[in-house]
Amino acid sequence: MKKTISLILALTLVLGMATTAFAADITPTGGDNHNVTANYVAGKDGGTIYGVDISWGDMVFTYTDASKGTWNAAEHKYENGTEAKWTCGDNQNIITVTNHSNAPIDVTPSYTAETAYSTAEVKFDKTTLNLGTADNGEGDNGAGKATKGTITVTVSGTLTKDDKTTATTGTTIGQITLTLKDASK
Amino acid sequence: MKKLLSLVLALTLILSLSVTAFAASNAPSVLYIDVAGVTDSAKTIDGVWLWVYANSGTGITNEEMTHVSGTIYSYDISSVTDPLYNVASYVVLYTDNSKSSRCTTTNFESGKNLFTATDNDEGTWSVYSESSTPETPNGPSVTNGDHKVTGKYVSGAESSTIYSVDIGWGSMAFTYTAASKGTWQPDSHSYQGAKPAAWSWGNGANEIFVKNHSNDGITVTPSYTKDSGYENASMTFGNAPLTLTTADNGENGAAGEATKGTITVTPSGSVPEGTSGKIGQITLSIVGTNSSAGGGEATDYTIVSTLEDLTNALASGGNIKLANDITMTSTATITNTVTLNLNNCTLTVAVNGLLVEGGNLTLTNGVVDGKGGVWNQGGIVSIENCTLSEPTNAFYQFPSGTSALKNCTLNGKLVLDEGGTITLSGTITFGSGSGDASYKGISVTRGSTGSVICQFDPTGNIYQGTVTNNGDGTWTVTAAS
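From first to last, the protein sequence lines are chains A and B. Going by the numbering used here, the first sequence opens with residue -13, and the numbers climb by one from there. Going by the numbering used here, the second sequence opens with residue 7, and the numbers climb by one from there.
Just so you know, these hints were derived from the structure itself, not from any lab. Treat the hints loosely; a few may be bogus.
Sample of chain A residues facing chain B (criterion: CB under 10 Å; computed from the structure) [claimed, not checked]:
1) 27
2) 43
3) 45
4) 51
5) 52
6) 67
7) 139
Note that the structure is a prediction, hence the values are computed from the model and not measured. The beta-carbon is built from N, C-alpha and C at its ideal position, and this holds for glycine as well.
Please put together the full structure from these sequences, using the hints given.
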């Protein structure tokens, strides 16, 4: 039984050697030589893994319509009027993107308005947010650090007064879409 | 070559939507394939097709290909035997439905739950699986690429309507000179040089000046009350009711100008011999265009849903709102003050329709159909946001009264017969009556002493009458001579 096991081990060892061994003639005065060859095979890595966190502000915006102010009957004009304005809560208009990927990414925001509310315009503080790879640790195996950035959303234009927009919860006036792209390709 | 380029494009789109990846030590129960965003816009390939194959288990489309149409596909792989180690299970992306155009393949590889495959052109795409008991996310990531934007409307602070009106009265002192027979002529046995009775007054003594400083238009309606003992003396008013537009008429926020007008008073009849002093009183009633009396919204209503309820409510007066369409069977005569909000319903009237006999009717927000339309017989009528569908005489004023219509559609004529004033403002649309298409518009009948005042140019909408441009943004329609 032991023999059998040894044989199998020996065969395995032979098979495991990459070089080939052949029998050769040996002369008294000479020696022997043989070329040694090698092939390089790249190590197999895990490829590009994309991991991106996106954190949205509430994206709830309030449009306060203009006010004429108070009528001055003596001057025949309004006084202390106010312009229409858009407001939102603190950081409700911020999109935060965190890149955990081992590749840089480009994040491009776009906006599609609902037909009934196309008079409201949405703009972004940057056309594209560029985030570097998280594979930024020191040396080959040092852990890297996620990269992070923000996109700020602003709304302008006007909003139609109707039952939906005057509801406590407001209504959906459009949708923001983020398109993520590998910046290295 | 075209095929390859298109594929790369599609794969890039997939990448742009890379999704949830949880590190999981357990075998996945669901396999997700994210193909959202894959399109065939280039029309150079026959779409993108997925083939998910497992060599054991159920619930997977082993032989059927799925035509990608832009969504996340999920496959239950909980019954697949050891899927993470089963190299014979795989996902294939094709560019047609023949299984002969394989572009990329990925196996359910051991130890990974995020699969990445590379096609021949270096485009990459991914599938991923979710364990039934995911552990803490391993670094990465939730991608949530869409988010709704919510808008809320808040009205700006209301600007109150401020009414400020100057009224300047002439002395309103009138002299009545009784008739004189003249001088007796003995030769002819008759009087010569007879003079009829006459009223006279000083220059401007019979004028009432009104100046509007308000940020709203106003209508000034004069009336005269006789004192006892002087019932034979009457006063008639010229240019009345007087309509003045708002002083909020400055352009681009500039200060506006007050608007003004004059009502003239003309006495008639007689006073007893020896009269010297007060014989009566003139009262000016001023109503703002946007005030509730001028057609604005009341707040407390009696809601009616049946003919009986409506009949009773009209008899009692007050604010009435329809809950639904109501059909009447007889004339609805209004002799008191009624605000009738049709609430976007149809009131079908009968016989002589809605007949205002000396009462005060405010009618809003709906349709009056049926025979008779709306009549004003000496009352005060305000109609706003209504359609009057009587095809011949949609609105008829006879023999006197004051009426104001704003933002209305009339499918028959608006008739002023004999006296009073009708004011039209906002958008007044004249639809065609039944039969002759020309049987529509404003009609001031021959011999009428009243007028229709329009805050727009009614030329082209006249059935009978003459239009005069007053030059102040108003036009007056009077009877043709």
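Each hint, compared with the structure:
The beta carbon of residue 27 of chain A comes no nearer than 17 Å to any beta carbon in chain B, farther than 10 Å, and the hint placing it at the interface is violated. Evaluation of the residue 43 of chain A hint against chain B yields a held restraint, the C-beta minimum of about 9 Å falling below 10 Å. Residue-level restraint check for residue 45 of chain A holds (minimum Cβ-Cβ distance to chain B is 5 Å; threshold 10 Å). Evaluation of the residue 51 of chain A hint against chain B yields a held restraint, the C-beta minimum of about 4 Å falling below 10 Å.
Residue-level restraint check for residue 52 of chain A holds (minimum Cβ-Cβ distance to chain B is 5 Å; threshold 10 Å). This hint holds: residue 67 of chain A has a C-beta 8 Å from the nearest C-beta of chain B, less than the 10 Å allowed. The beta carbon of residue 139 of chain A comes within 8 Å of a beta carbon in chain B, closer than 10 Å, and the hint placing it at the interface holds.
Consistency note: the structure conflicts with earlier hint 1 alone.
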